[in-house]
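Student: Given the coordinates of chain S, assemble chains P, V and W onto it according to the supplied hints.
Chains as they are written, first to last, in my numbering: chain S, 49 to 186; chain P, 49 to 186; chain V, 49 to 186; chain W, 49 to 186.
There may be inaccurate statements among the hints.
No copy is singled out in the list; a pair is fine if it fits within one copy or between any two copies.
Think about it this way: if two alpha-carbon atoms lie no more than 16 Å apart in a straight line, the pair counts; the simulated EDC-like pairs of lysine to aspartate or glutamate are [stated by the list, open to error]: (1) LYS160 to ASP100; (2) LYS121 to GLU73; (3) LYS157 to GLU54; (4) LYS157 to GLU73; (5) LYS121 to GLU54; (6) LYS121 to ASP100; (7) LYS77 to GLU54.
None of these hints come from the bench; they were simulated from the model. Keep in mind that this is a model prediction, so the values were computed, not measured.
There are 4 protein chains.
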Amino acid sequence: MSQPLEYGTPIQLHQAIAVAKAAAEEAQKNGWNMAIAVVDSGGNLVLAHRMDQTQLGSMEVAERKAAAANNFKRPTKMMDEAVTKGGAGMRLLVIPGVLPIEGGELLIKDGKIIGAIGVSGSLSANDVQTALAGVAAL
Amino acid sequence: MSQPLEYGTPIQLHQAIAVAKAAAEEAQKNGWNMAIAVVDSGGNLVLAHRMDQTQLGSMEVAERKAAAANNFKRPTKMMDEAVTKGGAGMRLLVIPGVLPIEGGELLIKDGKIIGAIGVSGSLSANDVQTALAGVAAL
Amino acid sequence: MSQPLEYGTPIQLHQAIAVAKAAAEEAQKNGWNMAIAVVDSGGNLVLAHRMDQTQLGSMEVAERKAAAANNFKRPTKMMDEAVTKGGAGMRLLVIPGVLPIEGGELLIKDGKIIGAIGVSGSLSANDVQTALAGVAAL
Amino acid sequence: MSQPLEYGTPIQLHQAIAVAKAAAEEAQKNGWNMAIAVVDSGGNLVLAHRMDQTQLGSMEVAERKAAAANNFKRPTKMMDEAVTKGGAGMRLLVIPGVLPIEGGELLIKDGKIIGAIGVSGSLSANDVQTALAGVAAL
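Next comes chain S alone, as it looks inside the complex (with noise of 0.2 Å):
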């Protein structure tokens, strides 16, 4: 791993709101019922919102994606990535605060981190395919 990324301003709520907005606009435009959740650099939900007839459990897994992203510094696809690999990997699952599933992706302004956005409700390529778009919002 580089020098990971520092932590800048937390996001703003005005932000926040674009972001969730681009990636509510994604899903629905692909069918998806998602669930959407930002927080802040210091991990702190700022902004939840469910679709309705979003399978109910999803909206705490966003919530939990978003915190395990900006939380670790990294989109939650690298610790997917990692328990999916399997041996050494496996260990993500005992971490408290890492959530190994991808769709949790960092929001980054003037090269620092200022939260996180975690989506879920779908397969997991269109939860991540979801919050990218958000991230582009930004």
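Tutor: Frame of chain S, contents of chains P, V and W only:
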């Protein structure tokens, strides 16, 4: 206690957004930083929204006020008053799921509970005023 | 407190069903929506039963009333009165496993505790009346 | 994953009783001691029922199987198979709310999820057979 209200269809996201928007506007108009949460009639989180510089602890408080109102079919003000009065009311301090602080209000549509809003971040009276602005938007 | 009752053989399911059925009939007769729980003499849940439109939070409250009664070998009314009286009684608010709200009653057979019933959903007095109807069925 | 089912009106108690009764009869017919739980479409417990001599831990397992099925809109068998297969499936071990053991089944009425049943107490295959007997009663 008169006959309690019935639970209806869970609040839809577009309704929750309208409720939260009205509440946030009330807060902004008054210069209050607030955390706002909406749950559906199953007590599950639909929306959360924390304004910039809101005290961090208020997000969970808002969520729990909303859930308490929905799950006990009454504004949290009623729980708040019971505890404040003391004596028998003190028992509410330890009922699981009760949050005895005003600022949790029922969201009612066609005479049925479709969810609840919880607001936290300022003086209790301001939390209530903000929550009621949300209720009025339904 | 006189010599406390002994624990006996854990309540059997058919007994728990008879207790809950009598309690539910009492509730229905009065138009009360109630959550009813029965635990055995080990404090473990045997039966739970939530009537339509009961406030959602009452299911856990009923379970904890039943467990509190069984695990402290007394009706929760006694804990309730101690807290309501204030002073030293307030200490009960932080004793683990105590739930100081009436509506948890012991189920006794041949002079021994075989479990307890907990009822929640209406006014405390109604919860007790419903629980006692269950007790009477044993 | 095809388009997921929608949530419908929460299961009513009389329906939950019919489901649990059929499941319990299947268990008794086979001499299995089982814990049976039913949740509504909001993931909230409606009914719990533990047969005599069932291993005590199974009551909570049954409750969590039912909630996992409802909250992720699928039988827990699908989660079970993913973990059993290993690799990427191992990630399910730490998703909050997931219980990757078969025996949690959706309860569907008019094409919508109205809740779920969870069964635990015997071999997994027996848990499933019992749960499906409950499903068939709807």
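Student: Now look at each hint and say whether the structure bears it out.
Tutor: Each hint tested on the structure:
no.: 1; hint: LYS160 to ASP100; verdict: between (33 Å within a copy, 14 Å between copies)
no.: 2; hint: LYS121 to GLU73; verdict: neither (26 Å within a copy, 23 Å between copies)
no.: 3; hint: LYS157 to GLU54; verdict: within (11 Å within a copy, 21 Å between copies)
no.: 4; hint: LYS157 to GLU73; verdict: neither (22 Å within a copy, 27 Å between copies)
no.: 5; hint: LYS121 to GLU54; verdict: within (8 Å within a copy, 25 Å between copies)
no.: 6; hint: LYS121 to ASP100; verdict: between (30 Å within a copy, 14 Å between copies)
no.: 7; hint: LYS77 to GLU54; verdict: neither (34 Å within a copy, 18 Å between copies)
Hint violations for this structure: numbers 2, 4, 7, all remaining hints satisfied.
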